[in-house]
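K.L.:
Based on these hints, arrange chain B on the given structure of chain A.
In order, the protein sequences belong to chains A and B. Per our numbering, the very first residue in the first sequence carries number 1; after that it's consecutive. Per our numbering, the very first residue in the second sequence carries number 1; after that it's consecutive.
Hints in this document: simulated from the structure, not taken from any laboratory. Just so you know, these numbers come straight off a predicted model, no measurement behind them. Among the hints, erroneous ones may be present.
As the list claims (entries may be wrong) - Simulated crosslink set (DSS-like; lysine-lysine; CA at most 30 angstroms straight-line):
(1) K37/B <-> K383/B
(2) K392/B <-> K21/A
(3) K158/A <-> K459/B
Unchecked claim - Coverage of chain A stretches by chain B, computed from C-beta distances (three or more under 8 angstroms per stretch; other residues unrestricted):
(4) 134–144
(5) 332–340
(6) 348–355
For every residue, glycine included, the Cβ atom is placed at its ideal position computed from N, Cα and C.
Here's the letter readout for the chains.
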Amino acid sequence: MLAWTIYLSFAGAAAQALLPKGKPALARALALLVALAGLVIAVAGFIREAGQGRVVLVDLPWVPAMGIHFMLAADGISRVLVLLTGLAAVAGVLFSWNIELRTNEFFAFFLALIGGVYGVFLSFDLFLLFAFYEIAIVPKYFLIAIWGSTRKEYAAMKLALYSFVGSAMVLIGMLAAYATAGSHSTGLVDLARAGLPAHFQMWAFPLVFVGFAILAGMWPFHTWAPTGHVAAPTAASMLLAGVVMKLGAYGCLRVAMGLFPHGMDPWGWSLIGIGSWRDVFAVLAVIGIIYGALVALVQTDFKFVIGYSSVSHMGFVLLGLMTLNQIGVTGAVLQMFSHGVLAGLLFGIVGRIVYERTHTRQLAELETMHLSKRLPFAAWAFTIAGIASMGLPGFSGFVAELQVLVGSWKANPFWTAAAGIGIVVGVAYTWRALQKAFFSDTPPAPHLHDHGHELAAITWPEVTGTALLGLASLVVGLYPRLLLDTIEPAVKALLAGGMQ
Amino acid sequence: MNYTDLFRVTLPETALEVAALVVLIVDFAFLRKATMKARAAIAAILGVVGCGAAMWAIGIQTGSGFSVGDLLVLANGGVSAVAQMGVLVLTAVTILLLIDSDFTRNPGEFVAVVLMAASGGIVISAARDLLVIFVGLELLSIALYILTAFAKSSAKSAEASLKYYLFGGMSAAFLLFGFSYLYGLAGSTDLHQIVLAAITSYGSGSPLFYAALVLIAAGLGFKVAAVPFHLWAPDTYEGAPAPAAAFIASVSKVASFALLIALGTAILHPFGNVRHVVFFVGHIGPPPKWLGLAGPWSILLAVLAVASMLVGNLAALAQTSVRRLLAYSAIAHAGYMLVALAYSSYGPKSAQAILYYILTYGLTTVGAFGAVGAVEQATGSDKLDAFLGLHKRNPLLAGVLLVLFLSLAGIPPLVGFWAKFNLFAAVLGVNAGAVPFVLVALAVAMSAVSLYYYLQVLKRAYVMPAVDETPISVAPITLLVLLAIAAAVVLAGCFPAVLQSWIAGF
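Only chain A is shown next, with the shape it has when bound in the complex (with noise of 0.2 angstroms):
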């Protein structure tokens, strides 16, 4: 049921390139109709198949003589990520509601990532998986160089660049444990099973792990991050860091994980507190916490403080990875669902609700114009959603975040301490933004806008697509176990014995 949201995906990017031109309303409706297609199979495959393990939704063979198989399948984390996935897609449509320019083309790109996207998730062949991680790739590129702002050309290429560079990693990677594996199946149950020499997965380990988690923001190959969620137009930006950011996660824990999992053990010697892959990626991932967070504390421009919270959230999502543990992994996971519903809405607010009226996205301009009074809707938004990214109790950041810390504790207090330091950097960026953009009190420049005229009305996909994220992070805060009961047993059995 579940492989249906990809199918569709793929099926309405065809028609949106199909689609007359000039019809950006026709293309709106049945780009909104395909998301919401996919978010209703989502949480009816999430509801349908809860408590259930693995579940195979389609295995046909695809290239026998190589042992490759079309191999779509959910366990708890899958079906998490593809929820997620159904929302961002259905957040993102109504967030680029007011594209006009060459609409259908925009949403035959915007759902061919979403395709790609849940393809990843589904996919229990490497091969597959990684095909899919690839067809995500291509309109990533075009989404920001055609729509985007701000150097956005730059900015495109570098991300098709960084992402390239990744998956090409992975792909020698996923060649040599082919090879290496002798298996002649590409599923990565089989490859897991294959039993692959410690020494190779030593050095697979780290080569697989990094490039996926250069998508996954990884100080320091995060540097795609910031520019390009900034140069992108706001649904691709909800994207990226809604879920192509949780692509390059997923990748690290299904793929490097799964099928490498004595690359993590000790090399037998230590250096500072160093003595594994394990603490080289923990402590990277620690940095890019602490890094993002005080880096987004500097920020002028509104966007580039969540493009820069994004790098330190997704950190956590890394460190949650590396703590071996069951909570912290169920952490991880739990954390890459609530990053994701809340990137997408603090891009939503900042991109969409405030710099498509106001047309500046600097924070000392912003402090000029009262928004709180005159955008009031955006003001509380953002309050709530800052509130919820920092991590107040209530919202889905706090059970993640607490999860991740409690996890890492138990691994190693330093990354716990360090982290801390991360969470509370946060809250001072995230006070800073809302404090200069919404609610400041400097008087208004009289040359820098016309305060004359209104700020237009806040319409209704707005509001939907706000009130659809903001109540996903408050349920899911209120009552993780709803996430957690899926997430907990997939997590486990991963710990216990890789992806076998």
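P.N.:
Leaving out everything else, chain B in the frame of chain A:
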């Protein structure tokens, strides 16, 4: 020697030559007064029928190839047949692209020369004897020189042809020189006999054998445009008329790689699959890696491969002419395939992977040249900026370009991705040692680089604002052919097993 056999085995070549003559006669005898369009269309139809007849002739082939005594001269079936089929299909597509071109007033002659070149191509796809190889190569090359110069009013075309001819003539001399060493050392022109002689004379004659190998690698490296024998390629691709360039980039490549596969199989696997047995039976001989010419051949190809991948991809980054860009990308693709040739398996697996790659690459390139040619015909330039705003000027053409270029870059679900995966998996399947692994890693890394220059073209077609928004019209047949190629690239990428089992079925 049995002339019936010879006739049977060379039936496809015969069909092509007859078709070439028919095209010429019809054009000269009946179409003197006809319009240019009609002449081109009739010549093209006859040419395609000729290709079809040759394919039919290959299809009905049974039995072994053509031998003189015990020595195989022309092989039959298997790898050779696949390559021959590929040559004919690509020839037919190229001929169809000619119909709407306007670079020549003699379409009949053009088609006739293309058909003769194709017959050279199918000769070398099957040749197993030095003399036949050389004859086939010359048959192909001389026709290609003529095709390159076919735009008689274009100085660029003449210049390109002269460069191609001078380089080609020299490389043929190298090749012949190498062949003469082999004949002198082995006393035979049969590939298998030569390799056996190299093994038995281990220690005495080998330096000269090695020198001969280097000379041969130079000669064939020229044909596949491997660095450092690639200098002709950018100029020729840029100056030749579009269908001729497409033909050189596809058909000539397919045939040359088929020849390299045959050479490689003879050199790397002289006893079939038993060389390991020889090694284990008693440690009399040299280690199997160095048996005969295998070691040096692998090293030679690996060096050419590394140089081609690096130079091709890096030089392509700096190009402003799309045709030159395609030329450098062709060099890079040749590099990937040379990696697989350097580590090819006994048995058909590697050969099939290489054939899969070269056939799909050839088809994609023909389409790319067709699309570039269409833009060039409308704008008069093949510079990157001629593609500005193409998605507005002709959405279908832009769509074709998108599919083909992304396939060349190796993006799924297009066929280029699958071809690359298959190729690299074949290399590591043969030998997962450190050197082949590093070569594959380099190839994968370099194809990440290649995305940049393919996107440079697509960026102009889709992203950057148009300077001139007048629609570009593409003649219906060209457009139809291009759309068919794009559809084939998508479908073959989504269902890779179909083409793979077709190749394995010969």
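K.L.:
For each hint, tell me whether it holds in the structure or not.
P.N.:
Taking the hints in turn, this is what the structure says about them:
Restraint check for K37/B and K383/B: the C-alpha separation of about 28 angstroms stays at or below 30 angstroms, so the hint holds. Simply put, K392/B and K21/A have alpha-carbon atoms about 11 angstroms apart, close enough for the 30 angstroms limit, and the pair holds. Distance restraint check for K158/A and K459/B: the Cα-Cα separation of roughly 13 angstroms lies within the 30 angstroms cut-off, and the hinted pair is therefore satisfied. For the segment 134–144 of chain A, the proposed coverage by chain B is satisfied: 6 residues have a C-beta within less than 8 angstroms of a C-beta in that chain, meeting the threshold of three.
With 0 residues having a beta carbon nearer than 8 angstroms to a beta carbon of chain B, the segment 332–340 of chain A misses the requirement of three or more and the stated coverage is violated. Counting residues of the segment 348–355 of chain A whose beta carbon lies closer than 8 angstroms to any beta carbon of chain B gives 0, which falls below the threshold of three, so the coverage claim is violated.
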